[in-house]
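In order, the protein sequence lines correspond to chains X and D.
Residues in the first sequence are numbered consecutively from 1, following this note's numbering.
Residues in the second sequence are numbered consecutively from 216, following this note's numbering.
Bear in mind the hints are in silico, worked out from the structure with no lab data behind them.
In this text the structure is predicted, and so the values were computed from the model without any measurement.
Glycine included, C-beta positions come from ideal geometry on N, C-alpha and C.
Treat the hints with caution; some may be incorrect.
Residues from chain D shown here face chain X by an in silico Cβ test under 8 Å; the list is partial [as the list claims (entries may be wrong)]: (1) Lys270; (2) Pro288; (3) Ile315; (4) Val354; (5) Met356; (6) Pro382.
For lysine-lysine, the following DSS-like pairs were computed, each having C-alpha atoms within a straight-line distance of at most 30 Å [said to hold, decoys possible]: (7) Lys385(D) / Lys155(X); (8) Lys124(X) / Lys140(X); (9) Lys124(X) / Lys84(X); (10) Lys385(D) / Lys270(D); (11) Lys146(X) / Lys84(X); (12) Lys362(D) / Lys191(X).
Each chain, written out:
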Amino acid sequence: MTESKVISLATTVLLLIVMLSFVSSCGDLSDEETTDRIRFAEFFFFPTAPYIDKSYIEEVPTDEVASLEIDYETEIAEIQDVYKTFIDAYVDKDMDVLSETFDRASSMEFGTTTGIVYGWVNIKSYIEANWIGPGEAECKSEANWKLTDFYYRPKNVKYKYAEVSAKGPMFYYLVDRPYCFNEIGTYYFTKRSGEWRIHQIDGTRYFTDPQYNVP
Amino acid sequence: MTKIVPQYHYVGFIMAFLLLFLSDTIMAFGIEDRNLIYKQQNLIRRPKNNLGQRKGFIFGLGAGVGNVNFAEPLAEYWGSTYDGDWPDPRGTTSAFATEIKVGHAFSNQFILYYTSRISWMPLSNLYRDTMIANGTAGVGMMIFPLKSTDFYLVGSTGLAALVTWEPPFKLERARPTGLSVSGGIGFELVRHLNIDFTVNYGNAHSTQIDDTNEIVLTDEIVTFLVTAHLLFY
């Protein structure tokens, strides 16, 4: 028997020993956990096991298909807080606070009167450039500014985080002179790391699919 | 406790391959015969640490990474609790893969083997994180078309199943999905170490294999994988 064949046989035996150890180390486990381990090992070696062992195929109980109860009131209150912080920071020209209200992951978009600015670095430069304009560029907000027309999309296969679209007042500038005025803009929020953040303003991910309309 | 049905018939297949492996030694019962075989092998053996010598029993372990591009049926399977429309015609997620090969190299250029090939896709839905395993068991082959190089073609076909595991080992449910095929190209970097790129096509709909008319091949799950294999022979 050549050396390579000995290695081959030894590897096969070793793998079998590992798998047997994996299954037999179930002494402290419950019957159900032991069954799961056996099934896992079985599937690993023979993925067609579900064709033969019909116990693999489990019906999903219908009561588990209940729709998720989303606490829209709480979620929207959090989003309104982020929006207010954003507006206040914008008026106060406080970039540190303002940057905290953004989800600065790639694909950020920021709509202007001349087009969309992409990426956090460019957006930051655009905002700061307008902040240092003449006095008439000062932006003013009103206390009653709120977001409206909410759409809520739970996390899904494409985006593994919840998303919200809404409308609300936003600051814009004219091309020929840095005059700050207000108009209703479209906001796109993400809840990527457990907290709501603005990811796009007048961007392409704003959605209004009827099924996601917040009741 | 659910009854587990052992898959003894697969063990039979493996034993058959082991016998094929042993037959090389058993058939060469005489010293003269053995010497003759070794001389013949040495004649065609190339330098480079026996690279190119593959004949006999083979056993392989593979691991790889890649992408899975899938259509709505997989999303429905994964997220039946998802209340809403599927947002895009297709979704893409990264995956890692494992493969086991047990078989026989009938020559240095043709290897036939049993393959257990599984793509593991970690996904999360509204309620919990899950791991979808798209597994295929079937017959695979590696063909080294040129004696002078260690480039090879690889392909396999078999029956596939989608199984959802709640990490680490809790089975959630399974769905037989019928035929799956894969094909690709690879290279034997050094003796016992191969790397290959494969594309795998399969179904995501449940398939009743009792009716052979329902065995179809679709592109509901398309998997692109780069896999490294330790291949012992």
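Hints, one by one, checked against the model:
Interface hint at Lys270(D): violated, since its Cβ lies 10 Å from the closest Cβ of chain X, which is beyond the 8 Å cut-off. The interface hint given for Pro288(D) is broken, as the beta carbon of that residue sits about 12 Å from the closest beta carbon of chain X, more than 8 Å. The restraint placing Ile315(D) at the interface with chain X holds, with a minimum CB-CB distance near 7 Å, inside the 8 Å limit. Interface restraint check for Val354(D): the shortest CB-CB distance to chain X comes to about 12 Å, outside 8 Å, so the restraint is violated.
Annotation: interface hint on Met356(D) violated; nearest CB of chain X at approximately 18 Å, more than 8 Å. Against a cut-off of 8 Å between C-beta atoms, the interface hint on Pro382(D) is violated, since the closest Cβ of chain X lies about 11 Å away. Of the pairs offered as hints, the one joining Lys385(D) and Lys155(X) holds, with about 23 Å between alpha carbons and a cut-off of 30 Å not exceeded. Under the criterion of a C-alpha separation no larger than 30 Å, the hint pairing Lys124(X) with Lys140(X) is consistent with the structure, at around 19 Å.
Distance hint between Lys124(X) and Lys84(X) is fulfilled; the C-alpha atoms sit about 19 Å from each other, no more than 30 Å. Annotation: proposed proximity of Lys385(D) to Lys270(D) is violated, straight-line Cα distance about 40 Å (limit 30 Å). With a C-alpha separation of about 8 Å, the suggested pairing of Lys146(X) with Lys84(X) holds against the 30 Å cut-off. Taken as a hint, the Lys362(D) and Lys191(X) pair is broken in the structure, with Cα atoms around 57 Å apart against an allowance of 30 Å.
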